[in-house]
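Number of protein chains: 2
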Amino acid sequence: MQFFSSDFKLGILGGGQLGKMMLYETRKWDIYTKVMDASPEAPCKIACNEFVEGSLMDFDAVYNFGKDVDVLTIEIENVNLDAMEKLEHEGITVYPPTKTLRTIQNKATQKLFYTDHGIPTSSFTRFAYTSEIEDSISNGGLQLPFVWKSAQFGYDGQGVKVVRKMDDLKGLPNVECIAENLVDFKNELAVIVARSSTGEIKTYPVVEMEFHPEANQVEYVICPARIDDAVAQKAKDVALKVSEHMKHVGLLAVELFQTHNDEILVNEVAPRPHNSGHYSIEASYTNQFEQHIRAILGLPLGKTDSKVAGIMVNLVGAEGHTGDVVYENIASILEMDGVTPHIYGKRQTRPFRKMGHVTIVDEDMTRAREVAQKVKETIKVMTNK
Amino acid sequence: MQFFSSDFKLGILGGGQLGKMMLYETRKWDIYTKVMDASPEAPCKIACNEFVEGSLMDFDAVYNFGKDVDVLTIEIENVNLDAMEKLEHEGITVYPPTKTLRTIQNKATQKLFYTDHGIPTSSFTRFAYTSEIEDSISNGGLQLPFVWKSAQFGYDGQGVKVVRKMDDLKGLPNVECIAENLVDFKNELAVIVARSSTGEIKTYPVVEMEFHPEANQVEYVICPARIDDAVAQKAKDVALKVSEHMKHVGLLAVELFQTHNDEILVNEVAPRPHNSGHYSIEASYTNQFEQHIRAILGLPLGKTDSKVAGIMVNLVGAEGHTGDVVYENIASILEMDGVTPHIYGKRQTRPFRKMGHVTIVDEDMTRAREVAQKVKETIKVMTNK
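As given, the protein sequences belong to chains A and B, one line each in that order.
Each position in the first sequence, counted from 1, maps to that position plus 401 in the working numbering.
Each position in the second sequence, counted from 1, maps to that position plus 401 in the working numbering.
Excised from the complex, chain A in its bound form:
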């Protein structure tokens, strides 16, 4: 099948940042794309060949969108699976397969999947309703502290909460949920596994999330992770085991905990390009977006090695600033060697809103890390006031 400058049509559900970066690759190869997103301001509205405004959770919208594409993929998991399943049955190629998405979309199902397949993950308890948790604690079934997670997506901003005392349960939605052991980890790692429709599999190097000492927030994604080879190998093995059992097609980003005794536990996965792989645009021989396209089209997978060390810094809105965005000192970071900002194009900023990311590449990791810190300290996402 010819994908390039032909009548082939690729459908993408979701027109956000990941979709936008995927479109650089479809443009590079002149692959015809059709994108659906609920927002008329979606970043993908330009650069795709056809744009459809519609809700990703709406059966009819997704079904009608997918009917005339050759291959259907996603840039976000939160889509209507019944519609995708119907499309699958009617012969549309859907990657990742609906089955994979069903396993991942519900966090309780996802955790059960790990335990069923002997994949190491933090222990957890499943609840039909949040309201059942109090009883379970009072009769000694569940211990504080734990991480509360709603099973389904879409509770914006309140899908996850660390519960240290009974009071923390107040205000949580009364929905299907899980209570996870709070893992006291040494490192948070991630491995992106690419699996093609032909079954070919490749892994990217293990990356490390470096957290801010005080604010418990990821500050840097570092490739390669600064860990022992043995731990890195263990992380890859666990990621490959997840990939093998999930039978995804496309990318699978596997987020992992490295415990203090170097155990590797799966935190969660995403069956698509992922924030932890953004460094690959500047650092890798094959960036994650091109790799996802290669995988779902059954093309040979590209080399996953890095040309140079890569670090990614998220650009989030500064506290106390809400309104028209201004990227303060962006010219100063452009003066630094190997620094590439990616601006997501949201006109409005607000505290902690994800507005873009910056990649820092260098032959030398130590120098890259120093530049990354300078970048972090220099650029500010704020408003004019």
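Simulated from the structure, these hints should not be mistaken for lab results.
Careful, some of the hints might be misleading.
For identical chains, the list gives no copy identity; a pair is met inside one copy or between any two copies.
[What the hints assert, rightly or not] Here are the simulated SDA-like cross-link-like pairs (lysine to any residue), alpha carbons at most 25 Å apart as the crow flies:
1. Lys635 <-> Asp408
2. Lys487 <-> Pro498
3. Lys637 <-> Phe452
4. Lys747 <-> Glu736
Go by the hints and put chain B onto chain A.
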């Protein structure tokens, strides 16, 4: 001035391949773009924010297009300069400046510029009409062989001709032209110079065009050129001298001849991203398109070094094939490490039509060169028949 996610508007004259690759960068930085091209099928029609259909040589079209942009640039020199000059006078920022474009657009003026500024170039004679050449030869003024070049652009496919015998003059348009000494060169080199509106200047490494032994056609663009450092330095010095006197803003691609006694002669220049810089997308810390944007917006110039060795192969239509394009064996080249095809998206191929390019990158130049040859021998741009 804020360029990112703001009301700033960048105008680009020309919506072809170079414009398309420039748009990857404006998208990356969320810079609002308005593009004009004569063809409704122009590759830039998508991925820009506004597309205007109009002739680049038409005064009114260019003038009306440029009136509401903040900065106006080009992806091709063949544009209406009177309109750009009027826009300049009315306060629109035009980069490269019209003055630079006037010097370059007319090949006789361009050659005179080199001699006036003591820049080494092959000797030449200027003629008001091609018809004057015969007399000049018969009365011993001009010697065969020489290279005939029409002074003005736009004689598609017949702007340049090597004249070895009187007969070769037949059928040439009777226009203003030059007769250039035929240079017997050892290497054809190129140096891309970036000059920002602030005056900052950076050069990319010297690249080498490797020609096919029989067909006298560029097969590979190789970065860095496999030449002595002394020659490379001389090439950079000549390119910088041209840049300094041209006072361009943005990129200047300087094509050079290295003679058998290692003289460096300027062949011609292009004040924009150039085919000889395509390797930079995969190989350089800052690709040429991002660099052009940095330069015309007065942002700091990026690092021009390479992460790895880079080689570019042009993808041209195979002989004997005219019609709907098929990229034969493209999957086979995707199996090779460090290989990235760029498909320009023309639906129709014809012999020698430029349909795309392929970049090969590797830590090791020798290996890169081997892979480049395999790529060249493997992929074929043809039709289904």
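Evaluated hints:
Proximity of Lys635 and Asp408 under a CA criterion of 25 Å is satisfied in neither setting, with 43 Å inside one chain copy and 49 Å between copies. In this assembly of identical chains, Lys487 and Pro498 lie within 25 Å of each other by CA distance solely inside one copy; the values are 12 Å within and 57 Å between copies. Proximity of Lys637 and Phe452 under a CA criterion of 25 Å is satisfied in neither setting, with 37 Å inside one chain copy and 46 Å between copies. With identical chains, the CA atoms of Lys747 and Glu736 are at most 25 Å apart within one copy only, with a shortest distance of 24 Å there and 37 Å across copies.
In this structure, the earlier hints numbered 1, 3 are contradicted, and the remaining ones agree with it.
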